[in-house]
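Place chain B on chain A using the hints.
These protein sequences, in sequence, are chains A and B. Numbered according to our numbering, the first sequence spans residues 209 to 303. Numbered according to our numbering, the second sequence spans residues 17 to 489.
Hints listed in this document are in silico derivations from the structure and should not be mistaken for laboratory results. Just so you know, not all the hints are guaranteed correct.
Computed list of lysine-lysine pairs in DSS-like fashion (alpha-carbon distance at most 30 Å, straight line) [to be verified]: (1) B:Lys342 to A:Lys298; (2) B:Lys427 to A:Lys229; (3) A:Lys284 to B:Lys248; (4) B:Lys484 to A:Lys229; (5) B:Lys109 to A:Lys229; (6) A:Lys287 to B:Lys423; (7) B:Lys427 to A:Lys236; (8) A:Lys229 to B:Lys248; (9) A:Lys284 to B:Lys484; (10) B:Lys358 to A:Lys300; (11) A:Lys287 to B:Lys342; (12) B:Lys276 to B:Lys103; (13) A:Lys298 to B:Lys347; (14) A:Lys236 to B:Lys109.
Examples of chain A residues lying across from chain B (beta carbon under 8 Å, computed) [unchecked claim]: (15) Val231; (16) Gln247; (17) Leu255; (18) Val268; (19) Ser289; (20) Asp291; (21) Asp295; (22) Leu303.
Which stretches of chain B does chain A cover? Using the computed rule of at least three CB atoms under 8 Å from a CB of chain A, they are [what the hints assert, rightly or not]: (23) 352–358; (24) 369–382.
Don't be surprised by glycine CBs; every beta carbon is placed ideally from N, CA and C.
Chain by chain, the residues:
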Amino acid sequence: MIEKKDIEHLAKLSRIELNDKSVEGLAKDIESILGYVDQIKEVSADLAVRPPSAGENRNVLREDENPHESGIYTEKILKESPDREGDFIKVKNIL
Amino acid sequence: MIDLKTLTVKKAHEAIKSGEYSAVELANAYLDVIKEKNKELNAYLEVYEDVIDQAKGADKKFKDGTADLMTGIPVSIKDNILFEGHKASAASKILENYTATYDSNAVKKLKESGAVILGRTNMDEFAMGSSTENSAFGVTKNPIDTSRVTGGSSGGSAASVAGDLALVSLGSDTGGSVRQPASFCGVVGLKPTYGSISRSGLIAMGSSLDIIGQFGKNISDVEILFNTVKGKDNLDSTSISPPTPGVGGEEEKKVIGIPKFSTTGRSASGGKNYNVDLSEAKSNLEKLGYKVKEIDLPSLSYSLSAYYIIMPAEVSSNMSRFDGVKYGLHKEGENLIGDYFKTRGEGLGTEVKRRILLGTYVLSAGYSDEYYYKAIALRNKIKEEFRKAFEEVDLIMTPTTPGPAFKIGEKVGDPISMYLEDIFTVPANITGSPAISLPFGEQNGMPLGIQLIAPHQREDLLFQVGKKFLGEE
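So that you can see chain B by itself, here it is in the shape it has in the complex:
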């Protein structure tokens, strides 16, 4: 029996290398758990048929000496990440039977490493949501309490790691879709710097915000997965090269800033109080020798408003490709344009329609000055405030979410309360900064998370301080 609960990427690597077990045996251990738990959790929409073949390939890499740390590691991928020859539906009826015709850059890199891709995980349709309740194929249940949501949109990925249905997972984060479910399920979730991983083969939502993120039970696993999939790619012109390693100065004690709004707990909605207490996290950091200070980010609380203008605008544009002509669902109308109306009317879910219409509204003549261009100007102001803040502090700390995982059905039908889930996570997407959610504390038996945000391309700082904070070495 392999103890999956305490398994890490490094431990699995050593065990396969020393012959304690094979990649095939490890894959089978995960397939057994999936068989036992997935029916209830609905973390996976599909477990691939070629898992054992992939694992055999990994064992071969160990034999011929070409294995790296990710070889043979069982990983799950969100249903919006393309894997050639395998279905990818973005949890939508409109792509229910779509088979990917090429590999996403992230999957290409996983394959080069010989990672074992177990299957595709459930999500909110086209990554639009914060609870996985917007999936066209049923909700994913939280492994810690199955009456509660996993968060979202990468809820299936978070549940797969938390429930030992995968060792690590890839999700995507546009406004908090990796960090919020990581926090809800008690695992580590990274949203890397915008552009650090190619978006080629990631089904687009908000193209100036989207990034592929990583889930793991610890920071080191997340770091290894991030290092495997990062890098510049000619097929994504916004992708960037990894930074050259810093020279010196790494030993000096870091300064961590807490923005005023999160300690006072006043939300951007104006007056609604969140019960968020950072005092324990603050004193733990101080005990580790870090300096913690309050910082001022005057426009921070307006991030969510800017986000709910910019993101739907980009959604309305990106979603126009689903027309029932080139691929995916097709419904017959009276004429060609009728086909579009019927296909999109039947194929897309309510939240997706809501965001397309909202995006169309904020971009229409007469409103774009008032909404879209104002939101872009505000986004630039928030970026500038972060840039200034990072002259004073090395990292910024906030809670990941306003509270723990809520009950399934609790927020359905109230879009604004669902959107407010992202109040602490959205700023890092607005600014493009890397951010990580670390499990810390609990409320009524459900995990909570702390978020650390770093300057662009300083994932190393998130890993370094995060490991000390969690006592992981």
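The shape of chain A in the complex, shown without the other chains:
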């Protein structure tokens, strides 16, 4: 059973502000979605549960070399930031 407080907790973990009305709607929606996906339990009981193994994935490594010329992307990227001070992105005090 997904309750309002569960949604509020998940929203806190996800850094999303929600109003009361949407909390209620989301609780109902997520409850019904979990009810649907629960059917994997019909087949997954026999499947070994473990964190995903390496499988076919492999590391893709490269030498740390040939850097691009310093500063050529700075202006383009900073132009997209909501707030800046010189060549820095500006945020509120962290500490």
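Chain B in isolation, oriented as in the chain A frame:
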């Protein structure tokens, strides 16, 4: 007057080459249709200002002999594919005013070919949806019946091709977002093999599932567009090199498998019946000399459940980058963390929030064993079942969707019924297989689609059998 209805990539190429018309004239023909129809359809969120400049560049390539098949071809791109110096919003308020700072690999390749990129097409916000109704900038209407949805999430791309607002289009497919709207709008839609096209510069949704897909009015156009944008890219370590062309054996008659669940029409929801009839498609294939047989994929009907655990898990992780600090929307809170809460609360739509919360839930301590790891184990089982099936058959056929395009508003507010739209398309994303939707049949005047699924990197089989099936040569 250029007849856009019957135009193909090859015809356009020949016409520009022979001087019948220029790339600029062709681009203008499409801009005229856009001017006439886009206000009602809302297929494009923006038509770029530099279209004619791009077309002039294409004409120059024809003059100096460096033109290829895509040179001068008017193409639309989904609003989650980056084109440097142009806006890309993923149809979200949180990126409403974001300008791409680099080219996606797909756009880079289109530019090298001299394709003419007309504009960015509407979509469900961050590609999350099956109807384009989740766009922050209004729904896209189906060109065949404007009271109906185009499907989604690449609904604007599908509508742009179906309504002659572009010759071909790029979309993205995470669970059916190219094939389902292609089926709804009566065009061809390809979801290539996972990794065959670089995801660099595609705004991420579910990174183990996402792939850039192609729309066209016929298979040959889709094939040309796919061949232009495919290939390994150092900026996407999951991208793969195209296969070396097969040696011999291509002439032997292929075997096509129909999984049991689609012929009996029983859905994974347990008992709800879909009115899906493959008998005509089956007999057409048999007339063409193909052998069609029923196959067993015992875990297939659980694909959608596995998908709705794995995808939101990846969404919740990918969406964490939108924080109002580096780019995009910023809303003032009381402190830095307050800024995050306000920006994400106001900038993201309901479906995006729903999936972030769901993903956060299935990944949280105490639930990840029950949901996420189980879903990964199930995904591996489904992959294994497909691998075995492809020892017996060359292709697998299913319907693309449970039914034709539904009415705008019909499924809003019922997430599960919307998710069930993807029941036939999700397995190819779960397994990474290439799959294509071909227009076939209709219901109450609306088109339906047939889906063919092939083993990894066998897009050639989809094109070969698909062309025979549609009588296209």
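* To do: Take a quick look at whether Lys287 of chain A and Lys423 of chain B sit within 30 Å of each other, Cα to Cα.
  => 42 Å, violated
* To do: For the hint on Asp295 of chain A, just tell me whether its beta-carbon gets within less than 8 Å of chain B.
  => Not OK, violated: Asp295 of chain A not within 8 Å of chain B, min 14 Å.
* Is the hint on Val231 of chain A kept, meaning its closest Cβ partner in chain B is under 8 Å away? -> Result: violated, 10 Å to nearest chain B Cβ.
* **Given hint Lys248 of chain B paired with Lys229 of chain A - CA-CA distance at most 30 Å** => Violated: Lys229 of chain A and Lys248 of chain B sit about 47 Å apart, past 30 Å.
* **chain A covers the segment 352–358 of chain B, three or more CB atoms within 8 Å, holds or violated** => Satisfied; 6 residues make the cut.
* Is Lys342 of chain B close enough to Lys298 of chain A, meaning Cα to Cα at most 30 Å? -> Given pair Lys342 of chain B, Lys298 of chain A holds - Cα atoms ~9 Å apart, limit 30 Å.
* Compare the distance between the alpha carbons of Lys358 of chain B and Lys300 of chain A with 30 Å, and conclude whether the hinted pair is satisfied. => This hinted pair holds, its Cα atoms lying about 14 Å apart.
* To do: Starting from Lys236 of chain A, check that the Cα of Lys109 of chain B is at most 30 Å away, please.
  => Within the cut-off at roughly 25 Å; holds.
* Interface hint outcome for Leu255 of chain A [beta carbon to chain B under 8 Å] -> With a closest approach of 4 Å, the Leu255 of chain A hint holds.
* Do the alpha carbons of Lys284 of chain A and Lys248 of chain B lie within 30 Å of each other, as the hint requires? -> 27 Å, holds
* Holds or violated: is there a CB of chain B closer than 8 Å to the CB of Val268 of chain A? -> 4 Å, holds
* Asp291 of chain A as an interface hint toward chain B, with CB separation required under 8 Å -> Interface hint status for Asp291 of chain A: holds (7 Å vs cutoff 8 Å).
Checked against the numbered hints given earlier, this structure breaks hints 4, 6, 8, 9, 12, 15, 21, 22; the rest are met.
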